[in-house]
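Undergrad: Okay, here's what each chain looks like letter by letter:
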Amino acid sequence: MSDPQTVLNGELVERNRSARIEEMGPTGQITLRGDLSNAAVKKAVKGAVGVDVPTPLTATFNGAGGAVWMSQDEVLLLTEYDRIGAKITKLNKALDNHHVMVLDVSDARAVIRVTGAGARELMAKGAPLDVSDAAFPVGTARRTHFAEIAVGIWRREEEVWEIVCFQSYAQHLFSWLKASSVTGASVGYF
Amino acid sequence: MNTRVTGQGRLIDRSETLTFQFNGETLHGHPGDTLASALLANGKMMVGRSFKYHRPRGIVASGPEEPNALLGLGRGPRFEPNQRATTTELFNGLESQSQNHWPSLEFDIGAVNAAVASVAPVFSAGFYYKTFMFPRAAWKHVYEPVIRNAAGLGKAPKDADIDSYEHFHVHVDVLVIGGGMAGIAAAKAAASSGAEVLLIEQTPHWGGRALADPVVIDGLSGPDWVTREIAALEAMPNVRLRTRCMGAGMYDHGYAMLYERVTDHCPGQVGMPRHRLWRVRAKQTIVASGAIERPLTFAMNDVPGVMLASAVRDYLALYGVAPGQSVVITANNDDAYRTALALHEAGVNVAAVVDTRPSAEGTLPTQTVSNGIQVYTSHGITKVEGKTKVEGVQIAPLEGASDSHKITCDLVAMSGGWSPIVHLYSHCGGKLRWEEESAMFRPAPDRGAPIGSDGQINTHCAGSANGHLIADACMADAVETGKAAAKAAGFKAKSVKAPPVDVAVEEPLQPHWFTPSKGKYAHGTKHWVDFQNDVTAADVRLAAQEGYESVEHTKRYTTLGMATDQGKLSNINGLALLAEKLGRPIPEVGTTTFRPPYTPISMGAITGRSSGHLFKAIRKTRMHPWHERNGADFEPVGDWYRPYCFRRQGEDRKAAVNREILNTRQNVGLLDASTLGKIAVKGPDAGKFLDLIYTNMMSTLKVGRCRYGLMCNENGFLFDDGVVVRVAEDEFLLHTTSGGADNVHGHLEEWLQTEWWDLKVFTANVTDQWAQVAVAGPKARAVIEAAGVEADISADALPFMSYIETVISGFPARLYRISFSGELSYEIATPANYGAALWQALLDAGADHGIMPYGTEALHVMRAEKGFIMIGDETDGTVTPHDLGLSWAVSKKKEDFIGKRALERADLTRSDRKQLVGLMTDNAREVIPDGAHAVVAITETPMRTIGHVTSTYFSPTLGHSIAMALIERGSERLGEELTFPLEGDRILKATICDPVFLDKEGARQNV
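Protein chains in written order, with this note's numbering: chain D, 27 to 216; chain B, 20 to 1026.
In case anyone wonders, no lab produced these hints; they're calculated from the structure.
Among the hints, erroneous ones may be present.
[Unchecked claim] Here are the simulated DSS-like cross-link-like pairs (lysine-lysine), alpha carbons at most 25 Å apart as the crow flies:
(1) K68/D x K406/B
(2) K68/D x K113/D
(3) K113/D x K779/B
(4) K119/D x K406/B
(5) K537/B x K406/B
(6) K537/B x K116/D
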């Protein structure tokens, strides 16, 4: 069996760009749907990825582990790709008697990281979001449309933003980011 | 000819010279010039021919309201027609051509229209409607081609645009549109509160009229005050400033569209977008867009050299250009005297001021008289003399047009007063009121103002856009509006006071809508109202005379205000003339609707990045690169691109499809089925939920088994189908059509969230998690075994419609034994990151078995051979499962499911509904066109149709053309021959048969 290969195979561009744009390669992703206020769910999430269930419209991270609020009853958990099976087993075991859905979606979504001083501006070109510091501080997460496709966006660090999209759209999204980040196209707004 | 004057020209840099082209002639200008100012500096007053009559036309204005100076700019992939010279910044190498003339600007054959028009009113109001009614054929063959050749403005570009464009989204507390005195003051007042403020200006320079008109603000000249205030705003961290950025449209709840011209003044910069469309969400918006001067309506007021009085001042003060050497000014207000004074001061001869008012005794007129300039009151221009340039004017007392005398001049500066620019305010619902004393429409928030999502007013006009035309009142209004906007946005403005403004006091204007003339000019056929669309005062009066009472109807009848300038100069004059003729007050006639964009914006800006390879988001499977390398001929399916077929050397589509089908039926085929929608449904109530969603029973499905299911909407019409797999006791996997996954997922969530929120069920769209491959054909099992499979997949261990999880060729796999081709068939799903590798492994394993990939067309033909329906072919939103012979899949036992009640309605149960049938053409090789209608008899007039073809193919398996059709009472007509009248009087006959053409008993798949 060959190694898993993500849709963009870790493609990276940064030369002559206002930001570094990189597909993150295989990333463990779990969709957890359930009652996010339930103590067992909270505990299971913490146990699986090492962070608390995020509050609405936020994301929390701890190394490779992380959790992104997706809706009232859905979080996206992030972990190492090769530990996904064990994590899912652990979650299912911990939530055995609860009405939850735990799904491996590691291969469903591509994760693209945009880093650098121009990253925020790039977000504002693609999505109708308010990405000002006041409205979108580090740790904020949104589901929105970006370059005409559905995405999740979160601000991981001051100048580190991540976008997830269905992997079948990843080439479109990456090409779009590439075209929109050419150095000369900077807006100089923020 | 150089018309530059010394000591003027605030915006230009005379130390540098730029070279540009106009109609092939090389001319010179300076940095800071607009194309219009540079043309005027070179003595080019005439810049185009008019739309209908091809009359010579010259530059009238100095801003976006310019109706005449529309030029073609650039060349090849950067050519763009209809660009206003007044808003085009000059750059080295600029190429421009005038429009709407042939063979040349100076001699134009189309001007014959004008000659004819001077005798009979050709092209007068409603001319097209009246003249071209009969005979009908004449329009198409005679009038239309002639008019098309003669009319029209610029030429469409021939080459694809090579520039890039983009969008940008921002959210601000206060958006201020317009960087003149009012905008600057309002922005500063608002920003003093700490609110995030975005101030934009459409030109490259801040200041608006404060740069050209004499005013003292806070002890500083206009330009000095602007410089100081902009520096102050730039120093504020909560303020962002943008020039070359126009407010293009205002929409509901504080959404504004701005148009930034990033590189129009320096084209071809690598990587830089040409235009950027800003999509702004503002809590509060201040529209400080200023005012536009109105022309006066007098005979021959369109001769090149008749300009707006303010434009003449602008060209002088900003660009150091005197568009004429001897000037007559005609006005109905004091403001125009500023032009007289400015020209006089610059050493240009002012031949006379012709004022339509009975007296002119304000500060400015008095100053004018004291400078020795002749002022005529109660006078008007009865005619402008000259054809391609002004040679003089005839003036006469307003009460005695025949008592005229000539004044020689080469420039006429006119002013009919000012109209606040209420366009943006009106876009988003702001209402207006006609103010009699100042003769203008001004914002009237009490009659209706734009509101935010909270129902509170969120948009305000400020300064002259709000009707405060005098600088001191303008300033006071702007500061107050700025503070109020900040407060409304939730901030507390500092107690900012308006700075003192010292400006000349003005006497009121007197409305003046038509200057009488004599002889052939008496009727207004040469009194131009709309320069761009060639509409005269006579046209407007004719419309009124013919019964057009509504300004909206008159607009369409005469084309007044319908040109690319949307009547910026003509609207008020036109409707005043209409009101006068109708004998009604102006407010009763009303104004036409203002619509975005404020001035035309590029298609590129609207498109943004969505052009070329980014035109549309395309979904690709993980096998897509392999497909591309191996002759795939793609077709779009939803957002997906799927191989229609894989063409080999020398093959056309048809040959490839036939080969793929025969190989699948004889050996084995491989289909990329990754696009198939996949939705996970989990929870203790999952079975119950799916029983409600599907027409058939799903709760009884055993774990590890698959069942084909149908989904109806609540009207009983079929909208999606697919195989449902029970993965675990409380978990199902739903397969949907490729294009339907998102809709089906939305449908499930909607019902769960709005109606059945008590059901314990979760869903997730997992389409992209899996790459899926169908292996179909007699040798399918052998191929999978050759690839290496951990599980026993023999017929007994893995029977038809069953499912296991296993490992194939080392890849984690979900293996479904399902068939859409009627062959022994498996679908293998593996996590997408293994998809490409699995595809290759199966190709390798199948090499000895003659495996070949097949595309969507082979898939379609094979399913049709088996009589399987296709959503979108056999269904069109009006077809029930019963119509398609799928009653077996509609449960009679279930208490309820979506569509159950609707399916019992009389219309859906009547016996004469169209039903699915198979068709065999009488001629085995002839394929019926898709959608062909069957008729009762071709001898009937009109022929009555009894149904239509829904799927139609040549079946290589049967060596015969086959089709499916929906035919009235189809199930009762087995064996009946149907008649299909086709194009070109051809008739095709086909006989109704069972829609299952191949292997009805299913022997091929049950092996």
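Undergrad: Which hint numbers doesn't this structure obey?
TA: Structure breaks hints 1, 4 and 6.
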